[in-house]
Structures are given as C-alpha cells and as structure tokens.
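Can you build the whole structure from these sequences, using the hints too?
Each chain is listed here by its residues.
Protein chains: 2
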Amino acid sequence: MPATIPADSVGIVTPTTLHFDDPLQLQSGKQLDQYDLVVETYGTLNAKANNAILICHALSGHHHAAGYHSKADRKPGWWDSCIGPGKPIDTNRFYVVSLNNLGGCHGSTGPTSINPATGKPYGPDFPIITVPDWVNSQARLADRLGIKCWAAIVGGSLGGMQALQWAIDYPERVENAVVIASTPKLTAQNIAFNEVARKAITSDPDFCEGRYYDFEKIPKRGLMLARMVGHITYLSDASMGEKFGRELRDKAPKFNFDVEFEVESYLHYQGERFSESFDANTYLLMTRALDYFDPAREYNDQLEVAFKKATCQFLVVSFSTDWRFSPERSELLVDSLIKAGKRVSYAEIEAPHGHDAFLIPTPRYVEVFNAYMDRIADQLDIDPGNGSLQAGLGAEGGTA
Amino acid sequence: MPATIPADSVGIVTPTTLHFDDPLQLQSGKQLDQYDLVVETYGTLNAKANNAILICHALSGHHHAAGYHSKADRKPGWWDSCIGPGKPIDTNRFYVVSLNNLGGCHGSTGPTSINPATGKPYGPDFPIITVPDWVNSQARLADRLGIKCWAAIVGGSLGGMQALQWAIDYPERVENAVVIASTPKLTAQNIAFNEVARKAITSDPDFCEGRYYDFEKIPKRGLMLARMVGHITYLSDASMGEKFGRELRDKAPKFNFDVEFEVESYLHYQGERFSESFDANTYLLMTRALDYFDPAREYNDQLEVAFKKATCQFLVVSFSTDWRFSPERSELLVDSLIKAGKRVSYAEIEAPHGHDAFLIPTPRYVEVFNAYMDRIADQLDIDPGNGSLQAGLGAEGGTA
Numbered sequence: 001m002p003a004t005i006p007a008d009s010v011g012i013v014t015p016t017t018l019h020f021d022d023p024l025q026l027q028s029g030k031q032l033d034q035y036d037l038v039v040e041t042y043g044t045l046n047a048k049a050n051n052a053i054l055i056c057h058a059l060s061g062h063h064h065a066a067g068y069h070s071k072a073d074r075k076p077g078w079w080d081s082c083i084g085p086g087k088p089i090d091t092n093r094f095y096v097v098s099l100n101n102l103g104g105c106h107g108s109t110g111p112t113s114i115n116p117a118t119g120k121p122y123g124p125d126f127p128i129i130t131v132p133d134w135v136n137s138q139a140r141l142a143d144r145l146g147i148k149c150w151a152a153i154v155g156g157s158l159g160g161m162q163a164l165q166w167a168i169d170y171p172e173r174v175e176n177a178v179v180i181a182s183t184p185k186l187t188a189q190n191i192a193f194n195e196v197a198r199k200a201i202t203s204d205p206d207f208c209e210g211r212y213y214d215f216e217k218i219p220k221r222g223l224m225l226a227r228m229v230g231h232i233t234y235l236s237d238a239s240m241g242e243k244f245g246r247e248l249r250d251k252a253p254k255f256n257f258d259v260e261f262e263v264e265s266y267l268h269y270q271g272e273r274f275s276e277s278f279d280a281n282t283y284l285l286m287t288r289a290l291d292y293f294d295p296a297r298e299y300n301d302q303l304e305v306a307f308k309k310a311t312c313q314f315l316v317v318s319f320s321t322d323w324r325f326s327p328e329r330s331e332l333l334v335d336s337l338i339k340a341g342k343r344v345s346y347a348e349i350e351a352p353h354g355h356d357a358f359l360i361p362t363p364r365y366v367e368v369f370n371a372y373m374d375r376i377a378d379q380l381d382i383d384p385g386n387g388s389l390q391a392g393l394g395a396e397g398g399t400a
Numbered sequence: 001m002p003a004t005i006p007a008d009s010v011g012i013v014t015p016t017t018l019h020f021d022d023p024l025q026l027q028s029g030k031q032l033d034q035y036d037l038v039v040e041t042y043g044t045l046n047a048k049a050n051n052a053i054l055i056c057h058a059l060s061g062h063h064h065a066a067g068y069h070s071k072a073d074r075k076p077g078w079w080d081s082c083i084g085p086g087k088p089i090d091t092n093r094f095y096v097v098s099l100n101n102l103g104g105c106h107g108s109t110g111p112t113s114i115n116p117a118t119g120k121p122y123g124p125d126f127p128i129i130t131v132p133d134w135v136n137s138q139a140r141l142a143d144r145l146g147i148k149c150w151a152a153i154v155g156g157s158l159g160g161m162q163a164l165q166w167a168i169d170y171p172e173r174v175e176n177a178v179v180i181a182s183t184p185k186l187t188a189q190n191i192a193f194n195e196v197a198r199k200a201i202t203s204d205p206d207f208c209e210g211r212y213y214d215f216e217k218i219p220k221r222g223l224m225l226a227r228m229v230g231h232i233t234y235l236s237d238a239s240m241g242e243k244f245g246r247e248l249r250d251k252a253p254k255f256n257f258d259v260e261f262e263v264e265s266y267l268h269y270q271g272e273r274f275s276e277s278f279d280a281n282t283y284l285l286m287t288r289a290l291d292y293f294d295p296a297r298e299y300n301d302q303l304e305v306a307f308k309k310a311t312c313q314f315l316v317v318s319f320s321t322d323w324r325f326s327p328e329r330s331e332l333l334v335d336s337l338i339k340a341g342k343r344v345s346y347a348e349i350e351a352p353h354g355h356d357a358f359l360i361p362t363p364r365y366v367e368v369f370n371a372y373m374d375r376i377a378d379q380l381d382i383d384p385g386n387g388s389l390q391a392g393l394g395a396e397g398g399t400a
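As you go down the protein sequences, you meet chains A and B in turn.
With UniProt numbering as the guide, the letters of the first sequence map in order to residues 1 to 400.
With UniProt numbering as the guide, the letters of the second sequence map in order to residues 1 to 400.
With a straight-line Cα cutoff of 30 Å, these simulated DSS-like cross-link-like pairs (lysine-lysine) come out:
(1) Lys-309(B) to Lys-254(A)
(2) Lys-309(A) to Lys-251(B)
(3) Lys-254(B) to Lys-309(A)
(4) Lys-254(B) to Lys-217(A)
(5) Lys-309(B) to Lys-251(A)
(6) Lys-254(A) to Lys-308(B)
(7) Lys-30(A) to Lys-217(A)
(8) Lys-254(B) to Lys-308(A)
(9) Lys-342(B) to Lys-308(B)
(10) Lys-220(A) to Lys-220(B)
(11) Lys-75(A) to Lys-243(A)
Computed beta-carbon distance windows for the label pairs:
(12) Thr-14(B) to Asp-125(A): 50 to 58 Å
(13) Asp-335(B) to Glu-272(A): 34 to 42 Å
(14) Glu-331(A) to Arg-74(B): 36 to 44 Å
Over 12 Å on every C-beta distance to chain B, these chain A residues come out as not near it, computed from the model:
(15) Asp-21
(16) Ala-47
(17) Pro-116
(18) Asn-136
(19) Leu-141
(20) Gly-146
(21) Asp-214
(22) Ser-277
(23) Ala-347
No lab work stands behind these hints: they were computed from the structure.
Glycine residues also receive a C-beta, built at the ideal position from the N, C-alpha and C atoms.
Structure representation (structure tokens):
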C-alpha cells in the first residue's frame with residue numbers, strides 16, 4: 001500500500017460492469033447472445049466528446065490499468081506508469097477508457113461466466129474470440145459511452161493489434177492508433193511458444209478437457225508452466241542476466257534438482273502466483289487470438305492493402321531488446337503503412353527490458369509517448385482542464 | 001533405409017559396452033562404484049596412437065554418431081554429416097571414439113540402470129553428474145583404449161563444454177579442442193529454459209518423484225513439453241518461419257484449439273517421438289549438467305585464469321542465428337583464450353538454422369572444419385591410410 005496516493009495517480013478507481021444484450025456475431029460464425037464488459041475510466045469526457053482514449057490490454061491484462069481499487073492495494077493498475085495526471089496519457093485532458101476484453105477472467109463475460117443455456121460455466125464451450133471480435137465489442141462500448149470517435153486507441157503487444165484492427169475496421173472512429181511493442185502478425189516461433197503454453201495447460205490432468213470448474217479443480221501445473229515460458233519471452237537475455245545472472249541461492253552448489261539458481265526461484269514464484277489468479281481457458285483463448293491475428297491474410301498477404309481504408313495517424317514504438325515482437329516486426333508494419341500512404345511516426349527505443357519495456361517508463365519512451373499525445377491534444381484542440389462531464393460513466397466508474 | 005550405404009559413410013557399426021569397476025568420485029561428493037560406458041569407434045588407431053578423436057555428445061545425443069547399425073536403419077548416426085571418409089572428421093586418417101555419457105539412457109550407466117544396492121533402477125537416486133565428472137570418466141575410457149593423448153576432442157553445444165573441460169583438467173592429454181556452438185557458461189535465460197523443461201517433467205503426475213519405472217509409467221506429457229520448448233530454442237526464428245511460416249494445415253481457420261498451424265503439428269510430432277524414446281531422469285541430469293558448467297566459478301569468474309594450464313590449440317565455431325548459444329558467447333570464450341595466451345582459431349558461420357546449424361554441413365562450416373582437421377593431421381604427422389590397428393576396440397566396435 002502506498003502511504004499516500006501519489007500526486008500523479010488517478011487515485012482510487014471503481015470498475016463498472018456494463019451489460020450488452022444485442023447478440024454479437026463472431027468471426028468463427030458463432031455468436032454471443034449477451035455479455036458483460038467490465039470497464040474503468042479515468043479523467044472526464046469533454047463537451048465535444050473528442051478526448052477519449054481507449055486502452056487495449058494484452059494477454060494477461062484487464063480493465064484495471066491505473067490507480068488503486070482501495071488504499072489497501074499494494075500495487076496500482078498495470079499501466080499506471082503511463083496513465084495519470086502529467087503522464088503520457090494525461091488524465092487532466094484525456095478521458096481514458098479501459099476494459100477487460102471478452103473471454104477474459106476479470107469480470108467480463110468469459111469461460112468462467114455462467115452460460116445461460118446450461119446454468120454452468122461456459123468452460124471450453126466459450127467461443128473462440130478474435131481481435132476483430134474484440135474491436136466490434138469495443139465499438140459497442142464506445143456507443144454506450146457516447147464516444148463517436150476516439151482521440152486515440154492505445155495498446156502494447158496484443159493491445160497494439162486491437163489498435164491496428166480498429167484503424168482497419170472503423171476508420172471513421174479513430175483519430176490515432178498507438179501501437180507499442182506489437183506486430184502485424186505472429187511469427188512461427190511466436191505461435192510455437194503459444195502452443196507450448198497451451199499444451200502445458202491442456203495436458204495437465206486437472207484440466208479435465210476444460211471443465212475443471214465442474215470438478216472443483218484448477219490446472220495449476222499447466223498454468224504455472226505456461227506462465228514460466230511466457231515470462232522468459234517477456235524479458236531479454238540481457239535483462240535476465242542483469243536481474244539474476246547465474247547467482248546461486250546458496251553460496252555453494254547443492255548438486256540436486258531443488259531450486260539452485262535465483263532465476264529458477266523467480267520463475268517459480270511468477271508461475272505460482274499466476275496459476276492462482278488466472279483462468280486456464282482464458283489463457284488458451286488469449287493465445288489463440290494472438291495466433292489468428294493477421295489482417296493481411298484476406299488481402300493476399302499484402303499488409304499495405306489491408307490498411308488502405310485506414311484514415312488515422314499512427315505511432316509505432318518498438319524496443320531494442322524485445323525478441324518476442326522485435327523491432328523488425330514493427331518496421332515491417334511501418335513500411336506497410338508508408339506504402340499505404342498513411343501518416344506514421346516510428347521510434348525504436350533503446351531499452352534493456354525486452355518485451356516488458358512497454359510497461360516501464362524509460363526516459364526516451366516517455367518523451368516520445370508524451371510528445372505524440374501532446375500533438376494529439378493540439379490537433380484535436382483539447383483544452384487541458386477544460387473538460388466537463390457530459391457522457392460516459394462519470395464518477396460512478398471514474399476517478400473518485 | 002538407404003538403398004546402398006553411401007561411399008562416404010563409415011558403414012555398418014556395432015556399439016560395445018565397456019565395464020569399469022574402479023569407483024568414480026563425483027563432483028557432488030558422491031561416487032559411482034562401478035559403471036558401463038557404451039562406445040562406438042570409427043576408423044583405425046594408428047601405431048603411434050596419435051590419431052584419436054573423441055566425440056562428446058550434447059543433451060539428447062549418444063554414442064551412435066556415424067554410420068548405420070543395420071541396413072534397415074532409416075537414418076545414420078547423429079553427426080554422420082561430419083564423420084566419415086572424406087568428411088571433416090575423416091575416418092581414413094582419424095580413429096574416432098564416440099560414447100554415451102554417464103547418466104545417459106542409451107546403454108551407459110544412468111538412471112534407468114539397475115542400482116546394485118537395491119536391485120531396482122536408480123531413478124532419482126542416480127547422482128548428479130557434471131561436465132568434469134564426464135571428463136574423468138572419458139579419461140578412463142582413453143586409458144582403456146590405449147590413448148594417452150587425443151588428437152582432438154570435439155563437441156557441439158554441451159559437447160563443446162566437455163572439450164573445454166578436458167583442456168583445463170587434462171592439458172597433457174589433448175592436442176586440440178574443437179568447441180562448436182557452445183558457451184563457457186549458460187546465461188540466466190538458458191537456465192530458465194532448462195528449468196521450464198525440468199518443471200514440465202517433474203510436475204507430470206506420471207513422474208512419480210522419479211520412480212515411474214516402479215509404477216510402469218512414463219512422464220510422457222512432461223517429456224513432450226520439455227522437448228517442444230527445447231526445439232524452439234534449437235531453431236532460429238527465421239528458420240522456423242522458412243520451414244512453417246504461418247501456414248494453416250487446412251485452407252481456412254477452424255477457430256478451435258486443434259492443431260491449426262503447421263508449426264504446432266511439427267512440435268507435437270517432435271515431442272511425441274522424443275517422449276517415447278528418451279528417459280525423463282536422464283533429461284533432468286543433462287540439463288543440470290548444462291546449468292552447473294562454469295569453469296570460471298572457482299577462479300573468481302575469470303575465465304582466462306581457468307584456461308591458464310591448458311596447452312592445446314582451440315577451434316571455436318559459432319553460428320550467426322544461434323540464439324541459444326549465440327556468437328557473443330563464443331566471442332567471450334575466444335577473448336578469454338586470447339587473454340590466457342592460447343592459440344585459438346575462431347569462425348562465426350553465417351547459417352540460418354539456429355543452434356541446430358552445428359549438425360548441418362553448410363559449405364563454409366565444412367570448409368573451416370576440414371581445414372582445421374587437415375592442419376591437425378599435418379601437425380601430428382598423421383599419414384592418411386597408413387593407420388593399422390594397434391589398440392582400441394578394433395573391429396569389434398569399429399566399422400565392419
């Protein structure tokens with residue numbers, strides 16, 4: 001718990017659950033008859049409703065991106081480093097919307113939710129959700145909040161894919177797409193890592209073919225392994241070296257299979273914690289959404305054609321040591337955007353932290369991010385401090 | 001099965017089991033009272049017994065490095081690309097010795113062997129074996145074969161570590177150390193991947209704390225996951241892309257969790273096959289030997305001091321896309337050898353195959369390897385075709 005809430009924090013925030021009962025058609029051909037989305041908002045929607053920013057989360061993320069749920073919280077939301085008064089996504093001038101995506105396990109409808117058709121958790125019957133499906137569900141959320149056009153849609157990793165998809169599917173509703181540490185499609189190696197994670201989960205006997213809720217079980221071992229593999233790919237070789245090196249936990253080697261090196265202990269801890277808090281079916285869904293994302297597929301692999309209809313401006317950011325979604329992947333994206341004649345700014349940030357760098361406010365990253373968000377505020381003529389509550393969730397779901 | 005045995009093959013070979021009954025002291029403080037080593041030899045030991053080459057294997061390797069065990073064999077030994085008449089390790093002039101290391105599961109004493117103390121398989125009671133332990137056991141093997149000094153000790157990956165350890169521990173018994181796609185110590189990331197593999201095995205309920213033999217079980221799921229993770233790290237991102245891309249097995253996405261992409265199918269196949277043929281306790285042992293290897297540890301992390309006593313010449317080879325043991329790791333090794341005043345040749349080979357490149361006879365690799373082995377033959381005055389059987393296993397364990 002912070003002794004006092006920091007001045008550049010959005011403060012204590014409360015999530016809100018919104019119910020949608022128009023059926024949502026999914027890319028798979030299935031549909032969701034009704035669903036909930038859990039949302040947090042920070043800042044105030046202005047009179048023109050032109051200062052709204054949508055935050056899209058990555059694999060294990062959720063709606064709680066900034067601030068604290070209570071004074072007892074040990075840690076703020078997952079992207080508190082970039083969202084708040086005076087931060088790149090400045091809540092003094094922007095109205096920030098952050099949701100838990102469909103299929104998630106933090107309150108939005110997902111595999112752990114009760115399937116109205118059976119009265120039991122969906123489990124493996126929950127349909128596969130894709131990035132375009134998320135974007136459609138987010139468009140309905142925008143309607144509900146009275147947001148015709150987003151000042152920016154912002155996301156890192158899988159979140160960046162959603163920003164790209166918005167630019168393609170709803171060009172008239174996005175002014176800017178901010179795509180950080182992301183990629184226009186996974187490589188075979190990315191898919192391979194995802195498949196190891198999925199296989200770890202589905203081969204855990206406690207997975208019970210996805211119906212573990214019915215048996216009051218959790219595929220803990222599988223989730224733990226999945227997270228361990230994931231964690232290795234989020235960090236760079238160098239940052240792992242910096243953090244743990246080859247340090248032994250004891251001074252001399254024990255010559256056994258107990259935890260011997262610091263890095264083993266770290267991975268176990270991360271895996272354990274995750275396996276106690278995350279849903280296995282959601283993990284499967286999220287990795288599959290990553291695998292399937294490939295907006296160029298229906299355009300004969302020509303990404304520049306996929307972006308033809310986009311009208312927004314783009315900021316693309318990559319990190320030098322990110323080997324999960326390397327700078328080359330961002331450059332491929334930038335090249336396609338340029339070929340398609342789009343306005344794009346690109347920065348490769350020197351940072352040692354690997355893929356996780358998008359969560360860490362290193363100086364040049366913050367500088368680039370700040371400058372771009374300032375430009376957005378200028379171009380949209382957003383007056384800092386001039387916002388007044390007009391629509392949206394207001395105080396109920398916003399900062400207290 | 002090859003229709004005819006190729007002319008540059010060592011032909012049909014037969015392994016031999018050698019029994020050792022002098023207790024072997026291990027680095028862990030434990031000892032092995034007696035043990036077997038399975039060995040293959042190719043070519044002929046010459047009169048001076050100065051043309052012997054020791055092949056050290058990597059994680060999942062074994063004694064069968066070249067040739068065929070029978071005409072029915074589909075594939076030759078694991079390093080057939082580099083061992084045989086006219087190949088870099090030319091059996092027309094060199095006498096090649098290849099063994100299965102202690103702790104292995106291909107006939108040498110290991111966890112699957114019967115523990116004389118209990119009459120049951122050792123299983124988890126088999127002691128941890130380290131690279132220095134292997135080198136000591138290999139020195140005894142050299143004694144048995146009448147080899148006072150190896151013309152070269154050659155190994156890729158974990159095999160290269162054994163060559164380095166020989167140079168340090170038995171300087172007078174090694175003329176050359178050939179260290180390919182290796183490293184003087186693992187990085188934290190390397191250890192992390194090993195730990196994921198181990199955790200996959202040990203958390204499989206069929207592992208039964210290592211006593212799965214007693215229950216007639218095999219931790220197949222764990223072994224499969226371990227191999228899948230391993231495989232990703234053996235290939236480069238680019239070579240995986242080249243091999244599989246993002247190809248779907250069917251034309252259109254199925255939107256489910258069945259095998260959807262070619263790369264998933266490949267990983268499953270590799271994992272399945274491995275889990276049917278490799279022992280889980282051996283996998284644990286081999287990865288731990290990798291983790292512990294760190295000859296500089298007892299010299300205050302000064303690798304050049306560790307190499308002080310070495311007298312042999314070194315060839316170090318790395319591959320441009322090997323991210324498991326990257327060229328930077330080899331350069332660190334080379335720098336230390338130079339600092340220590342040793343004679344070292346170094347080549348970084350441009351090759352797309354990642355870590356697996358050490359098994360693939362790309363032209364420049366073969367050229368470098370050939371040239372170095374030619375120089376060895378010249379320096380030791382090894383007359384091609386002049387060898388006659390003097391010692392060693394001879395026909396019994398050699399080429400037929």
